[in-house]
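K.L.:
Sequence:
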Amino acid sequence: MPVPDFEGMKLEPLSVNEYSQSMGDVAALQWDALNSSEFKVSKGERIDDLKKLFPQSLNVDNHLKLFVLRGEHGIDGFVAMKVDTGQRLGTLTHVWLSEKRHQAGELAEILHTSERHLRSLGCDSGIINAPHAMSTLERVGSRTEPSNFWTFQSGEEESPEIVGESRGK
Numbered sequence: 001m002p003v004p005d006f007e008g009m010k011l012e013p014l015s016v017n018e019y020s021q022s023m024g025d026v027a028a029l030q031w032d033a034l035n036s037s038e039f040k041v042s043k044g045e046r047i048d049d050l051k052k053l054f055p056q057s058l059n060v061d062n063h064l065k066l067f068v069l070r071g072e073h074g075i076d077g078f079v080a081m082k083v084d085t086g087q088r089l090g091t092l093t094h095v096w097l098s099e100k101r102h103q104a105g106e107l108a109e110i111l112h113t114s115e116r117h118l119r120s121l122g123c124d125s126g127i128i129n130a131p132h133a134m135s136t137l138e139r140v141g142s143r144t145e146p147s148n149f150w151t152f153q154s155g156e157e158e159s160p161e162i163v164g165e166s167r168g169k
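Each residue of the sequence shown is one higher than the last, beginning at 1 in this note's numbering.
Since the hints were made in silico from the structure, they are not lab data. It is possible that some hints are incorrect.
[What the hints assert, rightly or not] No more than 27 Å apart at the CA atoms, straight line, and that leaves these computed lysine-lysine pairs for BS3-like:
(1) 51 to 65
(2) 82 to 51
(3) 43 to 82
(4) 10 to 52
(5) 65 to 82
[What the hints assert, rightly or not] With beta-carbon atoms standing in for the labels, derived distance ranges:
(6) 55 to 89: 21 to 27 Å
(7) 85 to 44: 30 to 36 Å
(8) 154 to 124: 19 to 25 Å
(9) 15 to 84: 21 to 27 Å
(10) 139 to 55: 32 to 38 Å
As the structure is a prediction and not an experimental result, all values here were calculated from the model. For glycine and all other residues, C-beta sits at the position ideal for the given N, C-alpha and C.
Let's have the full structure, built from the sequences with the hints guiding it.
P.N.:
Structure representation (structure tokens):
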């Protein structure tokens with residue numbers, strides 16, 4: 001079942017039947033919103049990543065779910081998230097986009113629909129596992145109405161930062 005759409009875009013589960021057909025489109029997504037230190041990633045690297053992620057998503061014990069963000073021109077993004085229903089926690093682990101600029105709408109869609117999807121599964125909070133989040137992702141998070149659902153987590157921070165919370169010193 002697709003996650004509800006937002007302004008013409010839909011975040012849809014990547015099914016077994018669709019995997020082969022979508023692999024090339026997903027592999028062409030060059031920008032990682034959660035790790036901007038990687039800059040532009042080659043199609044070959046994405047295919048390797050996808051070949052690792054997809055079998056993990058089929059393992060029921062792993063709780064990894066894969067989604068594609070569909071717009072009017074096809075696949076605009078890819079999202080991988082883990083769901084821990086025991087802890088009522090969801091984690092965004094991968095967010096890939098087609099281009100670096102003009103992604104605020106896609107990122108807002110990903111955050112909103114991922115939150116709704118995770119809440120429908122019983123999650124009370126979510127973590128954005130972002131070693132080096134794109135500045136656009138941080139801006140979208142701070143400009144959207146804070147729901148106190150998402151927190152950013154990176155290897156550099158001592159504690160996660162709530163999306164929408166000011167960064168006072």
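K.L.:
Run every hint past the structure and note whether it holds.
P.N.:
Cross-check of the supplied hints:
Distance restraint check for residue 51 and residue 65: the Cα-Cα separation of roughly 14 Å lies within the 27 Å cut-off, and the hinted pair is therefore satisfied. For a cut-off of 27 Å, the pair hint linking residue 82 to residue 51 stands: about 17 Å separates their Cα positions. Proposed proximity of residue 43 and residue 82 is supported: the alpha carbons are some 24 Å apart, at most 27 Å. For the given pair, residue 10 sits about 24 Å from residue 52 by alpha-carbon distance, which is consistent with the 27 Å threshold.
Pair hint residue 65 plus residue 82 holds up; C-alpha atoms about 6 Å apart against a cutoff of 27 Å. At roughly 23 Å, the beta carbons of residue 55 and residue 89 sit within the given window of 21 to 27 Å. The given range of 30 to 36 Å is respected by residue 85 and residue 44, whose C-beta atoms sit roughly 35 Å from each other. Residue 154 and residue 124 have their C-beta atoms about 22 Å apart, which keeps the hinted 19 to 25 Å range intact.
Against the hinted window of 21 to 27 Å, the Cβ-Cβ separation of residue 15 and residue 84 comes to about 22 Å, which satisfies the hint. In this structure the hint that residue 139 and residue 55 lie 32 to 38 Å apart at CB holds, the actual value being about 35 Å.
In summary, the structure agrees with every hint in the numbered list given earlier.
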